[in-house]
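Those sequence lines, one after another, are chains A and B.
Residue numbers for the first sequence, in our numbering: 1 to 142.
Residue numbers for the second sequence, in our numbering: 1001 to 1079.
Be aware that a few hints might be false.
[Claimed, not checked] Sample of chain B residues lacking proximity to chain A, with all beta carbon distances greater than 12 Å (derived):
| id | residue |
| --- | --- |
| 1 | 1001 |
| 2 | 1019 |
| 3 | 1024 |
[Unchecked claim] Partial list, derived from the structure: chain B residues whose beta carbon lies under 8 Å from chain A:
| id | residue |
| --- | --- |
| 4 | 1010 |
| 5 | 1039 |
| 6 | 1044 |
Simulated from the structure, these hints should not be mistaken for laboratory data.
C-beta: ideal position from N, C-alpha, C; glycine also.
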Amino acid sequence: MARIVLTNVEVKLGAVDLSDHVASVTLSSTYDVIETTAFAGGNVPAAAKTRQAGLVDNSVTLEFHQDFAAGEVEATVYPLLGGTVAMTVKPNTSAPDAVDNPRYDFTALVSEWTPLNGAVGELATASVTWPITGAIVKDVTP
Amino acid sequence: MEYTVISNKKVCGKVKDEKLTKDDILSAGGSVEHLLAAGHIVSANAVKVTPVVPQATQQETKFPVFNSVNNEQGENNNG
C-alpha cells in the first residue's frame, strides 16, 4: 500500500462540505481498558494482569479556518452548538469509497466552539475536539 | 419540497444553483432547518421579490421643505 499525503481530505458537517476551510482533522477511537485479573485458581497463581476492552470513546478534532460570510464556517457551525450533527470524513474526496479510501460516518456532539481565535497578523482559526456519540461507521463500498 | 443551493459550499454533493430535495438532505444526514438558517439553501418554490424603489419626484417628496428665505413651512409659527 502506498503512503498517503493528505491534500484532499473530505470533511462534511451536516451534509455541508467544509473541506476548503479545514486545515487538519483527527479521528480517534480509544477503548476503556478493563482489568480482569483474578486469582488463577488451582495450583497456578496469577502471573500477569489480564484485560479486556470496555466501551469505545470516539472523538474528532478539527482545525477550521474561520469565515463569517454567509454560508461559511461560522454560519454553519454556530447554530449546531450544543447539539449533534452527522459528519463524514474521507482521505480523498475525489475518489470513490474503497478499501484504500474509506469513508467514516459518525455523529458528533458540537460541544465547543471558538468563534474568534488568533493574534495580530495571524489567520483566524478555530480548533475543536468534539466527542462522538455512538459508533463510527467505516464504509469501503464504492 | 425542492431547495436550491445558494452558498459556495457543496451541499449533499450539489453546488451553487443546483437543486436538491428534502430526501437528499435527510439521507445525507443534514437538516433542512439548519441548512436554511446557515444560508446554504433556499426553497426553490420561493417567489423572488424584487424591491421596487419608486422614483420620487420633487413634488412627491414628503420631507418638509423649508423656505430658504424665511425658514417657514407655510404655517404660521408666530402663534
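Hint by hint, here is what the structure shows:
For residue 1001(B), the requirement that its beta carbon stay farther than 12 Å from each beta carbon of chain A is met, with the minimum near 15 Å. With a least CB separation of 14 Å from chain A, residue 1019(B) remains clear of the 12 Å interface cut-off, as annotated. The non-interface label for residue 1024(B) is inconsistent with chain A: the shortest C-beta to C-beta separation is roughly 8 Å, within 12 Å. A hinted interface residue such as residue 1010(B) counts as satisfied when its beta carbon comes closer than 8 Å to some beta carbon of chain A; here the least separation is about 4 Å, so the hint holds.
Nearest Cβ of chain A to the Cβ of residue 1039(B): about 4 Å, under the 8 Å cut. The hint holds. Because the closest C-beta pair between residue 1044(B) and chain A is about 16 Å apart, greater than 8 Å, the hint is violated.
The structure does not agree with the numbered hints 3 and 6 stated previously, though it agrees with the rest.
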